[in-house]
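2 protein chains.
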Amino acid sequence: MAIDWEARFSSYGKHATASEIRELLKVLDRPGIISFAGGIPDPALFPTALIAEAHRHVFEDGARSGAALQYSVSEGFPPLRQWLRDYMRAKGVNCGIDNILITTGSQQGIYLTGRLILNSGDRVLTARPTYLGVLQAFGGNSPRYGTLDALTDGEACDAKLAYAMPDFANPTGESISLSERKALIAGAHAKDVIILEDAAYCDLRYSGEPRPSLLALDLESVGSIEESRVIYTGTFSKTIVPGLRVGWVVAAKAVIKKLVLLKQASDLHTSTLTQMALTEVVSRLPQSHIAMLCENYGARRDAMLDALKRHMPPGVSWTKPEGGMFIWVNLPAGIDGAQLLAEAIQVGVAFVPGGAFFPDHRQHNTLRLNFSLCDPETIRTGIERLGKLISRS
Amino acid sequence: MAIDWEARFSSYGKHATASEIRELLKVLDRPGIISFAGGIPDPALFPTALIAEAHRHVFEDGARSGAALQYSVSEGFPPLRQWLRDYMRAKGVNCGIDNILITTGSQQGIYLTGRLILNSGDRVLTARPTYLGVLQAFGGNSPRYGTLDALTDGEACDAKLAYAMPDFANPTGESISLSERKALIAGAHAKDVIILEDAAYCDLRYSGEPRPSLLALDLESVGSIEESRVIYTGTFSKTIVPGLRVGWVVAAKAVIKKLVLLKQASDLHTSTLTQMALTEVVSRLPQSHIAMLCENYGARRDAMLDALKRHMPPGVSWTKPEGGMFIWVNLPAGIDGAQLLAEAIQVGVAFVPGGAFFPDHRQHNTLRLNFSLCDPETIRTGIERLGKLISRS
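Keeping their order, the protein sequence lines are chains C and R.
Sequential numbering of the first sequence, starting at 1, is according to my numbering.
Sequential numbering of the second sequence, starting at 1, is according to my numbering.
Don't take each hint at face value.
Repeated chains share a single entry, so a pair holds when one copy, or any two copies, can fit it.
Capping the alpha-carbon separation at 30 Å, the derived lysine-lysine pairs in DSSO-like fashion look like this [unchecked claim]:
id, residue 1, residue 2
1, 14, 253
2, 191, 14
3, 182, 309
4, 160, 14
5, 388, 91
Treat the hints as calculated values from the structure; they're not laboratory data.
Treat the numbers as computed from the prediction; the structure is a model and nothing was measured.
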C-alpha cells in the first residue's frame, strides 16, 4: 500500500513547490536555442587555471591537505574570512573576522537569515519583482509580503525584515539610487525593520559610479557594525565561479554567532578544501579579472540594449542596467510572458516569463532577459527574433 | 543604541544555543592532550593522492572543468547518483537515481528531512543517548522527544518520525540486532511512523557479520522503494573524507522530489567540482581502502577495549562496539562526566561528557570515548591516566 506522503509532510513540506523557472531552465537547455533564460555567468570567463592551480597547491602540502579534507569549524576558514574583512573594509565596511560567516553560496546566507529572523506570518518587504531564490529561501517561514516602499511611505509598518538587492537587481537589473538608499536606511531605523542586503552583483558594474552598500551607509549613521541593523550577504558566484558554492554573511557579532549555530545544524560547515583553494584564488586574482568580466558583460549588455531599441515594437519598454546580468522587459498589457515563451521556443529563443518573480500581484506581461551567457552577435539574432514575435502578437 | 537582537530573532533563532561538545572540542584541540573527544577520522588514512588526482583530471578537461565550476542541478551530479544506486543495490536496496539526492554532508540530509516531516511539537523517537547532530538538526522544528522503544512496546504512539543509527551508533558504538531491526520496522508499520535511518558508520565494521539496513529490511516487506517508509542517509565522511561535505539521501521519489526543493531553497546545490571529483574517487578507490581503514580502526578499538579492561576500577562499564569510532562508558552513579573532564584535562586526557547526547533525562555519569584518531600506544597511555583518575574519584 502506497504511503500518503502528503499527509506526513510538514506545512512547509506540503507548500514547497517546484520553481517554474528552474523547471523551465531544464527543458530550455537544448542545442539550437538562443537562451536568455538562465542567470548564469559565462564559463569561458572563469579563472579556471588559477582555480586548478590553487587546488594543486593545497594537495602538494601534506599538512594543508590533511586539514583541507578534515572536518573544520562552522564559522569558515579563518584566512578566507580575513581576506573578506579586507575586501569589506575597502568597501567602507569596518568589521572583524567575527563579523563574517562563510556560507554554502549566498543562497544559504539568505536562507539562514530567514530562519533566524522570521516566525510564521511575519512580514517581509521586497522589491516587486524580486529575486526568486529569496521567495524560495523564506518559503519555510510562511511570511506575508509587502514592498520596500513601506519603509519610506508615511504609513505604519509591521514588517520585521526587508530584503534588498541595491545593485543591478535580479530580475530587473535596476539599482537603488544613493538618495533612495539613504531613505531606506532612515526608514528601517524609524520603523525598526532589519535589512537583509544582497550584494550578489555589486562588483559587475559596466557604467556609472559605484554607490555605497546599505551596510556601509548604515555604518556611517550608527558608527559600528555591532550597532548596525543590516545583514549583508555576498557571493563569489558572479565574479569567480558559482559551482564552488561559496558566499558569506557580514553582520553584528550577535547575529553571526546565531547564524553559525543555524549553519552547524544544517550542514556543519562549507567544504574546507574549497575554502582553502578559494582563499588562494582571491588572493592571487589580478584586478584585471573583474575589469575583463565587466568589459565582456558590458559589451553584451550594450548589444542587447541596442538590439531591443532596434527590434522591439512600440509599447514595449525595458530597463537600462548599469551592471549585473539582466534586463527586464515590460510588454503591452494583454501579452502574457508565459504564452510568449511557448511561441519563442518555436523560433529558437528562450527567456523567463516575469510572473514568477512576484511574491503576489503578479505582472504577467513581463520578461527577464539574461545577457551574460551569449556573445553579442547571438544576442542580436535572438532579440531580432523576439522583436518580430512580439510585433506579431 | 545597540539593537536588541534577541527580541528580533525567531523562536528557532532564540532557542538555538551553542553545542557544549563543539565548544569543548575547540578548547581541547591543543598540543600535549590525548584527545578521545572528537569524532573524526584519522587524516593519515585519507586517500589524499587519489582525491588530488581526481581534481586534477577534472581540470585537465576544458568541458568538464567548465561544468564543474558552473551552477548545476539541486538533485546532484548524475554519475555520482548512478554510482550510489549501484552501491545501494549491493546493499540490498533496489533503487534508481531518482531515489537519490546528493546533500552537503549527511547532516544536511537529516536537517532537510526534519524540515520536510516535522511541524512544531511533533514527536520524534531517538535512541537515548543519540547523535548530537540530530538534536541540532531538528531543533528548529521544536519537536517533543521519545525513545525508539515506543515503536515496539505495547503502548499507543503519537510519534511522526523515528531516528535510528543501526550500526555502531554515535555516541555508544552499539548496533541494533537483526531481530530488533525487524521489530522496529514492524512497529513503524503498525504505528505508522516514518523512519530516518542514519547509516554514517555502516561500512566501518571490525568484527561480527554485516546486518541489513532498515531500508533493505523494509524493502523485503513492502517490495518497492516507492512503498517504503524509510528515509536513508549516507555519507562519504567516514570512509573517504569529511572535509568535502558530501552525503546522500535514499527514499521514495515522492520524498526525494520534495527534499530537492528544500535543498534548492537552502543552498541551491552541492559543489559541482566536488561531486565530479568524488565520482572519480569512489569509482577508482580499491576495495582494500575500506579494509585498510577497518584494520587500523579495529586495532585502535581493540587497544582501547583492552586498556579499559586493564585500567578501569570496578563499577565502570562500557560498550564493546563491532565497528565505528566510539566506546560509551558508564561511570558509577555520582561521578559527573563534566567534572571528571575538568580533572582529566589536568592529567592530559580529554573525552566528551555523555550528558550532551540526551534530548532529555540526561545521564551525567557517562562518557563518550573516540578511538579513531589516536594510535594504539597513545590510546593505552590515555586510558591508563583516565583509569587512575576514576579510581581516585
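Status of residue 14 relative to residue 191 across identical chains (alpha carbons, at most 30 Å)
between (33 Å within a copy, 22 Å between copies)
At most 30 Å between CA atoms: does that hold for residue 388 and residue 91 within a copy, between copies, both, or neither?
neither (44 Å within a copy, 57 Å between copies)
With 30 Å as the alpha-carbon cut-off, assign the pair residue 160 and residue 14 to within, between, both or neither.
both (25 Å within a copy, 15 Å between copies)
Could you figure out if residue 182 and residue 309 sit no more than 30 Å apart (CA to CA) within one copy, between two copies, both or neither?
neither (33 Å within a copy, 70 Å between copies)
Can you tell me if residue 14 and residue 253 fall within 30 Å by alpha carbon in one copy, between copies, both or neither?
between (35 Å within a copy, 15 Å between copies)
Violated hints for the displayed structure, listed by number in ascending order: 3 and 5.
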